[in-house]
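> Input sequences plus hints: build the corresponding full structure.
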Amino acid sequence: MENLLLMMAPLFSAKLLIVLFFGTLFGLILGVLPGLGPTTGGALILPFTMTLDPLSAIVLLTAIYCAGTYGGAITAILINTPGTPAAAATCLDGYPLAQKGEAGRALGMATVSSAVGGIFSVIILIFFAPFLAKLAYEFGQPEYFALAIFGLTMLASIGDGNPIKNLIAGSFGILISTIGKDFMTSIDRFTYGINELSVGIGFIPVVVGLFAISEMLTQSTMLDQVYKRVALKAVKLPSLRDYKLTWKTILRSSGIGSFIGILPAEGGTVASLIGYSEAKRWSKKPEEFGKGSIEGIAGAEAANNAATGGAMVPTLALGIPGSATTAVILTGLIIHGVRPGPDLFREQPEFLYGIFGSMIIANILFFIFGFFGAKLFARITLVPNKILWPMIFAVSVCGTYSLSQSIIDVWIMLFFGVVGFFMRRYGFSVVPVIIGLILGELVEGTLRQSLVIFEGNWLLFFTRPIVVTFFILSFIALIFPLLKKKI
Amino acid sequence: MNNVQNKKRANKSSLPFFLKEEFIVSFIIVFVSIILLITTFTFDIVPPILNRGIQPATFPKALLILIIGLTLIIYYVSIKKPWKIKKKLPKPFFLTLFSFVLFVFISKSLDFFLAISALSIFVSYCWGEKRIFYLLIVSIIFPLMVFIFFETILGLRFPAGIITNIYYN
Numbered sequence: 001m002e003n004l005l006l007m008m009a010p011l012f013s014a015k016l017l018i019v020l021f022f023g024t025l026f027g028l029i030l031g032v033l034p035g036l037g038p039t040t041g042g043a044l045i046l047p048f049t050m051t052l053d054p055l056s057a058i059v060l061l062t063a064i065y066c067a068g069t070y071g072g073a074i075t076a077i078l079i080n081t082p083g084t085p086a087a088a089a090t091c092l093d094g095y096p097l098a099q100k101g102e103a104g105r106a107l108g109m110a111t112v113s114s115a116v117g118g119i120f121s122v123i124i125l126i127f128f129a130p131f132l133a134k135l136a137y138e139f140g141q142p143e144y145f146a147l148a149i150f151g152l153t154m155l156a157s158i159g160d161g162n163p164i165k166n167l168i169a170g171s172f173g174i175l176i177s178t179i180g181k182d183f184m185t186s187i188d189r190f191t192y193g194i195n196e197l198s199v200g201i202g203f204i205p206v207v208v209g210l211f212a213i214s215e216m217l218t219q220s221t222m223l224d225q226v227y228k229r230v231a232l233k234a235v236k237l238p239s240l241r242d243y244k245l246t247w248k249t250i251l252r253s254s255g256i257g258s259f260i261g262i263l264p265a266e267g268g269t270v271a272s273l274i275g276y277s278e279a280k281r282w283s284k285k286p287e288e289f290g291k292g293s294i295e296g297i298a299g300a301e302a303a304n305n306a307a308t309g310g311a312m313v314p315t316l317a318l319g320i321p322g323s324a325t326t327a328v329i330l331t332g333l334i335i336h337g338v339r340p341g342p343d344l345f346r347e348q349p350e351f352l353y354g355i356f357g358s359m360i361i362a363n364i365l366f367f368i369f370g371f372f373g374a375k376l377f378a379r380i381t382l383v384p385n386k387i388l389w390p391m392i393f394a395v396s397v398c399g400t401y402s403l404s405q406s407i408i409d410v411w412i413m414l415f416f417g418v419v420g421f422f423m424r425r426y427g428f429s430v431v432p433v434i435i436g437l438i439l440g441e442l443v444e445g446t447l448r449q450s451l452v453i454f455e456g457n458w459l460l461f462f463t464r465p466i467v468v469t470f471f472i473l474s475f476i477a478l479i480f481p482l483l484k485k486k487i
Numbered sequence: 001m002n003n004v005q006n007k008k009r010a011n012k013s014s015l016p017f018f019l020k021e022e023f024i025v026s027f028i029i030v031f032v033s034i035i036l037l038i039t040t041f042t043f044d045i046v047p048p049i050l051n052r053g054i055q056p057a058t059f060p061k062a063l064l065i066l067i068i069g070l071t072l073i074i075y076y077v078s079i080k081k082p083w084k085i086k087k088k089l090p091k092p093f094f095l096t097l098f099s100f101v102l103f104v105f106i107s108k109s110l111d112f113f114l115a116i117s118a119l120s121i122f123v124s125y126c127w128g129e130k131r132i133f134y135l136l137i138v139s140i141i142f143p144l145m146v147f148i149f150f151e152t153i154l155g156l157r158f159p160a161g162i163i164t165n166i167y168y169n
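Chains as they are written, first to last, in my numbering: chain A, 1 to 487; chain B, 1 to 169.
I should point out that these hints are in silico values taken from the structure, not numbers from a laboratory.
Take the hints with a grain of salt, since some may be wrong.
Said to hold, decoys possible - Covered, in the sense of this in silico footprint (three residues per stretch, anywhere, with C-beta under 8 Å from a C-beta of chain B), are these stretches of chain A: (1) 177-191; (2) 408-420; (3) 435-449.
To be verified - From the structure, some residues in chain A lie toward chain B, with a derived Cβ separation under 7 Å: (4) Ser171; (5) Leu382; (6) Lys386; (7) Met391; (8) Ala394; (9) Ser402; (10) Tyr426; (11) Gly427; (12) Phe462; (13) Thr463.
Stated by the list, open to error - If you want a taste of the chain B side facing chain A, the calculated C-beta under 7 Å gives, among others: (14) Leu70; (15) Pro90; (16) Leu156.
For each residue, glycine too, the CB sits at the ideal point set by N, CA and C.
Structure, rendered in structure tokens:
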């Protein structure tokens, strides 16, 4: 009862409601713009959150996450280009249905299933995260080390990328985290006499560079792309027949999405693909998939939005990001001095339940905005890149500079923008770099503290059951993508 | 058409190994990693009495060795299965990259906001925007709005320069 009241707190705070309103609106706009999306948008907004209190900042980021994930469906259905990677599966049936003159029906189903998936996953989050956090009470330094290793090995299976390339990128991220003064001995590492590097490399320049600036460079290689938009009269609520046809699919995909989201480093993209293929497998009319099946839209959209709540579970309970966007949210938590984990559940329940409540409200808000504003949001895709991206650059530069008022941060941002572009070009995902950067200190710190506890005996790691379990899971996570490729 | 593509593919596969992108990328990663690995040997060594667990250089060393090892694996795999590399980089990409250099130069020597305006107008023009009104919006009106937002609402002070000095004085 007390928790329910804490969850409803955002409803009684004008400030949080305003933050939610603008966060959802901003998330939708970012979601419909191909190339942006909630991860890049979250990275862009991170420096601005410094002016907010921690709860408002995280509420803003989570609202962007929820609405941005849904926003990708609008462009997927109307212009056959997913606004976000998580909406790629929505294109398969959304666009063919729109071409048949049923764009409103397709968007209506996407909106309903996204909102149901999103709210379902928040309920999972509310019940599962405290449970996971309680488990984490049993964790000592060696267990945290093993958990961080598990989180990193999950990087191997991100998306369709090459698992070894993902591991290289993750190791690169951890390496970046070692720049600056060693936190245990205060010895300079990789500073090359530059004073500014002694404090290490900040998260924001790296995040903005890898997501926003590298995307700007990527857009410069795609200027010849032309978007054709299907006409939309109005978004329609699905009919009773549509509900009868899809309710099982929506619930199944919501479950799948929540579960996939909980796995560290997985996210909406994987969830939507599995949700879609499961919808097809269970469908009575699988032959209609790819030709405008309403079940296909429901399966993909419920799953990708359900992954939002799922991905917040390891993020809040363990401090291990569940997806690329939650990596940005985790960065937000860290820069606001909030350390995720079991202590957060014990010491700041009002903070956590405020986030849970806000996520539910964000899902309701994008449902309303989606119905009444989809037509308007679809027009945003017509903003030409030649105007949009220079503006994004201006915001990125000022935002990055604003954090510590250091011009070095701007150079670092540009450097990582170029590095990120080439990484993406040669098939290295940039997400593992961010996750590696976030987990780097945890990995090194817990390893060194464990070795102090074990008096330098590495073999003692294998005397602890939780550590051994995580090592086995890590081994499976490493081997599975390689085996999958062989099969 | 197919013949042309086949010829291109044949030409690519007949390139000496050191000109293939897989080799160049792997070489750069290994080269940079080796340089960084050498740097780790210059890190101070903590006396045993103060040392907690491992030396500060040990962890980065292990990471760099891991990166080198994994890179050698991906290069070896790429010999059998070459990477799918997207088309050649177009002119606007290089111009955008050049605009970053321009930005660094102007912001260091003249003014931070002048640099943002210069980059915005340059990128927008190179990407195909020729209408003066939109170029003005992108290069002057929007950066001005951003400046006012950061300066007045967020209370940020930007680095000194020929334009920002006029405002601050």
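> Can alanine 394(A) be said to touch chain B, with a Cβ gap under 7 Å?
holds, 5 Å
> Classify the hint on serine 402(A) as holds or violated, based on whether any CB of chain B lies nearer than 7 Å to its CB.
For serine 402(A), the interface hint holds, since the closest Cβ of chain B sits about 5 Å away, which is under 7 Å.
> Taking the least C-beta to C-beta distance, is serine 171(A) closer than 7 Å to chain B?
holds, 5 Å
> Restraint: leucine 156(B) near chain A, CB-CB cut 7 Å. Satisfied or not?
holds, 5 Å
> Interface hint check: methionine 391(A), Cβ to nearest Cβ on chain B, cutoff 7 Å. Holds or violated?
With a minimum Cβ separation of about 5 Å from chain B (threshold 7 Å), the hint on methionine 391(A) holds.
> Given a cut of 7 Å on the nearest C-beta pair, is the interface hint for threonine 463(A) held or broken against chain B?
violated, 18 Å
> Do at least three Cβ atoms from the stretch 177-191 of chain A come closer than 8 Å to Cβ atoms of chain B?
holds (count 8)
> Going by Cβ atoms only, is tyrosine 426(A) closer than 7 Å to chain B?
Holds. Min distance 5 Å.
> Let's test the interface hint: is any C-beta of chain B closer than 7 Å to that of lysine 386(A)?
Interface hint status for lysine 386(A): holds (4 Å vs cutoff 7 Å).
> Does phenylalanine 462(A) pass the interface check with chain B, least Cβ-Cβ distance below 7 Å?
Phenylalanine 462(A) check fails; min Cβ-Cβ to chain B is 17 Å, beyond 7 Å.
> For the stretch 408-420 of chain A, do at least 3 residues have a Cβ located nearer than 8 Å to some Cβ of chain B?
holds (count 5)
> Restraint: leucine 70(B) near chain A, CB-CB cut 7 Å. Satisfied or not?
holds, 5 Å
Comparing the model with each numbered hint stated earlier shows that hints 5, 12, 13 do not hold.
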